[in-house]
Amino acid sequence: MAISLVMTIKHLLDIETLEKHDIEMLLEKGLKMDADLQAGQHDKARLKGRIILNMFFENSTRTRISFEMAALRLGASVINWDNSSSSTKKGESLTDTLRCVNAYSPDCIIVRHSEFKAPYTVKRLVETSVVNAGDSYRAHPSQALLDALTLLKEKGKIEGLTIAICGDVTHSRVASDNFHLLHKMGANVRVIAPEFLMPKKRPYDNFETFTSMEKGLDGCDAVMMLRNQKERMEKSDIPDDAEYFRTFGLTPERLEIAKKDAIVMHPGPMNRGVEIADAVADDPYRSVIFKQMANGLPMRMVILDSVME
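Position one of the sequence shown corresponds to residue 1 (my numbering), numbered consecutively onward.
Quick caveat, the hints were computed from the structure, so don't treat them as lab data. Keep in mind that a hint or two might mislead.
As the list claims (entries may be wrong) - Once the Cα atoms are required to be at most 25 Å apart in a straight line, the calculated PhoX-like pairs of lysine-lysine come out as:
{"#": "1", "residue 1": "Lys291", "residue 2": "Lys44"}
{"#": "2", "residue 1": "Lys291", "residue 2": "Lys157"}
{"#": "3", "residue 1": "Lys184", "residue 2": "Lys117"}
{"#": "4", "residue 1": "Lys20", "residue 2": "Lys155"}
{"#": "5", "residue 1": "Lys153", "residue 2": "Lys20"}
{"#": "6", "residue 1": "Lys117", "residue 2": "Lys20"}
{"#": "7", "residue 1": "Lys260", "residue 2": "Lys153"}
{"#": "8", "residue 1": "Lys184", "residue 2": "Lys157"}
Unchecked claim - Per label pair, the in silico range of CB-to-CB distance:
{"#": "9", "residue 1": "Cys100", "residue 2": "Asp218", "range": "47 to 57 Å"}
{"#": "10", "residue 1": "Ile257", "residue 2": "Ser105", "range": "52 to 62 Å"}
{"#": "11", "residue 1": "Thr209", "residue 2": "Ala103", "range": "25 to 35 Å"}
{"#": "12", "residue 1": "Ser212", "residue 2": "Ser105", "range": "47 to 57 Å"}
{"#": "13", "residue 1": "Lys201", "residue 2": "Gly40", "range": "29 to 39 Å"}
{"#": "14", "residue 1": "Pro252", "residue 2": "Gln229", "range": "22 to 32 Å"}
{"#": "15", "residue 1": "Thr17", "residue 2": "Thr209", "range": "38 to 48 Å"}
{"#": "16", "residue 1": "Asn59", "residue 2": "Ala35", "range": "24 to 34 Å"}
{"#": "17", "residue 1": "Gln229", "residue 2": "Arg202", "range": "13 to 23 Å"}
{"#": "18", "residue 1": "Glu154", "residue 2": "Ala103", "range": "22 to 32 Å"}
{"#": "19", "residue 1": "Gln38", "residue 2": "Thr17", "range": "29 to 39 Å"}
{"#": "20", "residue 1": "Lys48", "residue 2": "Ser212", "range": "50 to 60 Å"}
The beta-carbon is built from N, C-alpha and C at its ideal position, and this holds for glycine as well.
Take the sequences, apply the hints, and build the full model.
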């Protein structure tokens, strides 16, 4: 069955600027799109004739492929812009590159960039919809939305859940947008991390932090693990992965501290034996990590459909 999504925004740049009703509508449509995909009833020509440009200035596997798959499932054409062979490598400014791209009139630009608020820069320079596929440590809205979709599918709700986000929160754009989304949707969010990986400022007042996995996991409905983003750290910050795992790794024993039906999530890529044990990552009952990844397809289909409505 075809769906029609009418939203109050033309772009998806972050979760912070979304209204709660926009999030609720996206998630409702995400559930519907997921059901339609499973039944083979989604509108395969919904975006026929539209051209989507993927501009990834950072390496990506899950996000890039799922956005491309989402576009193709809806009938759109996709151009994958190759940063390594672009004219920016010849000294062309990003501004001139974007003005050139804008002259070709794509219907949507999906951008991932290491610079803070880079998608806002793109938005100012083009006359089309812009979707943020991740910028700096600031925002990753499609990941937060697919995480929320996963919680809805597995738990039936978000409001009232206690969710622990564990690990390198300081450098995580996934954590940043999840804080905003989960708070807006009424969840209780905890952060479990060593002091030097805690968020530099509280995103809202009633925000719990723990430096002990044993204390922080008690009573949690969901545990979201994060990898250590060493590319954004000093080499001396985490000199010993084995020691980090002993203190902050999610093991079967630690998972037992959470609620008996608690689920385990991870945005990927996982560093097994660093932030998560193999037995937890592959737990057939508690781990929803690969289901979570699969949920990126219907959620990103809905995002593309919404901004090009």
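Please list, smallest to largest, the hint numbers that this structure does not respect.
Numbers 11, 13, 15, 18 - these are the hints that the structure violates, sorted from lowest upward.
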